[in-house]
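Start from chain A and add chain B according to the hints.
2 protein chains.
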Amino acid sequence: MTMQLNTTHIYREIHEQPAVISHFLQQEQGTARRLADIIRARGITHVVIAARGTSDNAARYAKYVLGAMNGLTVALATPSLFSIYKKPLRFGNALVLGISQSGKSPDIVAVLAEARKQEAVTAVITNIPSSNLAQQGDFVLSLHAGEEKAVAATKTYTSQLAAISLLSAALAESDAMLTALAQIPDCMTQTLSANPAIDRAAERYRYMRACVVIGRGYNYATAFELALKLKELTYTMVEPYSSADFMHGPLALVEPAFPAIVVAPSGVMLPEMQAFVRTLNERGAETIIISDDVETLELARTPLKLATAVPEWLSPLISIVPGQLFAMHLAHTRDYDVDAPRGIQKVTETR
Amino acid sequence: MTMQLNTTHIYREIHEQPAVISHFLQQEQGTARRLADIIRARGITHVVIAARGTSDNAARYAKYVLGAMNGLTVALATPSLFSIYKKPLRFGNALVLGISQSGKSPDIVAVLAEARKQEAVTAVITNIPSSNLAQQGDFVLSLHAGEEKAVAATKTYTSQLAAISLLSAALAESDAMLTALAQIPDCMTQTLSANPAIDRAAERYRYMRACVVIGRGYNYATAFELALKLKELTYTMVEPYSSADFMHGPLALVEPAFPAIVVAPSGVMLPEMQAFVRTLNERGAETIIISDDVETLELARTPLKLATAVPEWLSPLISIVPGQLFAMHLAHTRDYDVDAPRGIQKVTETR
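Top line first, the protein sequences correspond to chains A and B. Heads up: the first sequence begins at 41 in this note's numbering, then just goes up one per residue. Heads up: the second sequence begins at 41 in this note's numbering, then just goes up one per residue.
Bear in mind the hints are in silico, worked out from the structure with no lab data behind them. Fair warning: there could be bad hints in the mix.
It does not matter which identical chain is meant; a pair holds if it fits inside one copy or across any two.
Stated by the list, open to error - Only pairs whose alpha carbons sit at most 35 Å apart, straight line, appear in this in silico DSBU-like list of lysine-lysine:
1. K144 x K386
2. K345 x K127
3. K157 x K386
4. K127 x K386
5. K157 x K127
6. K144 x K157
7. K189 x K345
8. K345 x K126
Chain A extracted, bound-state conformation (with noise of 0.2 Å):
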């Protein structure tokens, strides 16, 4: 007996993230505007995340952005230092930003609270302003996303990206990068129409017992968090890389029908996604390709067809939507519970 998919809570917030994220960029200008201006005038030059599991994927999407677009050096950071050996890095000059859907692990917290004591600029974006994290923050983005039911993030994922690139567009003070922001919705929308198409791509993938994804620069991002998303809802063996470590030993495991799924949409690194994707199939591995390109997903044995090109930087937020209903398809195939995952809650508190 399987559940009625559409009725599920994953189902419906993967289907609400366009309405989440125009919601969000009304909402939120104003606070992004303010953060930059503190950035600049304090002249702040590197920024340290402290985030854990989606949110983490999230602070890997902002390491590329807030390089790419702002020339911002960005380090992810170690909360043990804080929390557990008690050894707390000197902050200096940097932007100090938690990011946490629920506001609440404790290890995120002890970062946030240290940074204070330092007088650093401290930014939080959440899903819950009420929350302890939140109230480390100098400057708190809010991300209007309503309750999220199901276990595994979706839309609060889309909406955090969304987050840093309106912080990044206000950094640029550039109104051609709000206006691509603002575009996002509704190309998600026309991404979303690929779920009939993906829930008949699953099925094939019933038995698989392990596999990688693989993502690079902007979307190594999407690649870790496609990764997270499959271990949570199909209990897949699944790790991402970015192509170039991949080429650094893992290439090793490649045999015949191994499957790698790979993040490949238009922009600068595509040749580099083609080129490795050649490489894979050379070796007879079976690669799942999301693309816009015509060309890149020829290469595939399953396509995954993103509706549109966008611009590279803010691809992140559209290349995920297959990859969450590639992920939610597959579970269903296994007949597991898409909402409730086994053995994980919501929110998870570590120190």
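Just chain B, lined up with the frame of chain A:
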């Protein structure tokens, strides 16, 4: 027909490690001291590291050691911003550190070349002091490890860790740290005596298809490096995790008989790791534990004993050793070529 293991390059290189580190420590103290002097003189508070593969795992160790011991914020670089997107970061007053056995990968060289253009202080840790990468370093810490012939890096990994430890001790101007570091080669020799026991332990995992490796804090790096060795040598799907990150989602993977290797030497992190192992054991996981602590080893289905406790900040130099031996023996028990894994070369050049 199986290969005679003790005539292989990797067997010899694993066993050379104590001598390599002794030699390194004798040769490079002056360079480490001069680099530390400049870091202090310039008031540098953050470090950007560019590295791939095994060297990237050494960079993960640097994040914790330079953070905990020296208060430095460490960011792992995003080489594709330099090599593909052509949008270099502003390094500001950062130290930019390249780590590479061969010193050849163009993407890593590109990061250091840009750093030099921006007049940042640059340093390089490499086994090949005549390499392109070394030529971009204001300071070069040369590993003096001798040629590494096995494709999977072992002695160059632990000597990279020794280089980072030496820099940390020089920055702290701490004789106690230097003394502790000088004792590492002897501790390593003692730990290598577990070789026959690890040979026997590996056979049980002949048909293991996938596993996870868990470490946190200083040994987050060890988890990554052991996972990489297992992938390169045994073609097993292995994913490394911090125990905290594992709780935020991937815990859903655990079912009875799920194999997890846990790196848990004595130190401040040990109670966290014990609690984590108990969570795994409650779910029926098969735990393989690397530790010197008797009580912790008793929690394991397969204990991999470290001969002796060392200060926690230096424990990654020791705790990887049983992992290297385990990966080598597991590959051997599967009749794989331990020196030349399928499909990869010693030097990988990515852009």
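Here's how the hints hold up against the structure:
Proximity of K144 to K386 under the C-alpha cut-off of 35 Å is restricted to the intra-copy arrangement: shortest distance 11 Å within a copy versus 45 Å between copies. Taking the shortest alpha-carbon separations for K345 and K127, only the inter-copy value of 28 Å comes in at or below 35 Å, while the best intra-copy value is 47 Å. Proximity of K157 and K386 under a CA criterion of 35 Å is satisfied intra-copy only: 30 Å inside one chain copy versus 47 Å between copies. Proximity of K127 and K386 under a CA criterion of 35 Å is satisfied intra-copy only: 29 Å inside one chain copy versus 37 Å between copies.
In this homomeric assembly, K157 and K127 come within 35 Å of each other (Cα to Cα) both inside a single copy, at 14 Å, and across copies, at 34 Å. For the homomeric pair K144 and K157, the shortest alpha-carbon distance inside one copy (19 Å) is at most 35 Å, but the shortest distance between copies (43 Å) is not. Taking the shortest Cα distances, K189 and K345 sit within 35 Å of each other inside one copy (28 Å), while across copies they are farther apart (44 Å). Proximity of K345 and K126 under a CA criterion of 35 Å is satisfied inter-copy only: 28 Å between copies versus 47 Å inside one chain copy.
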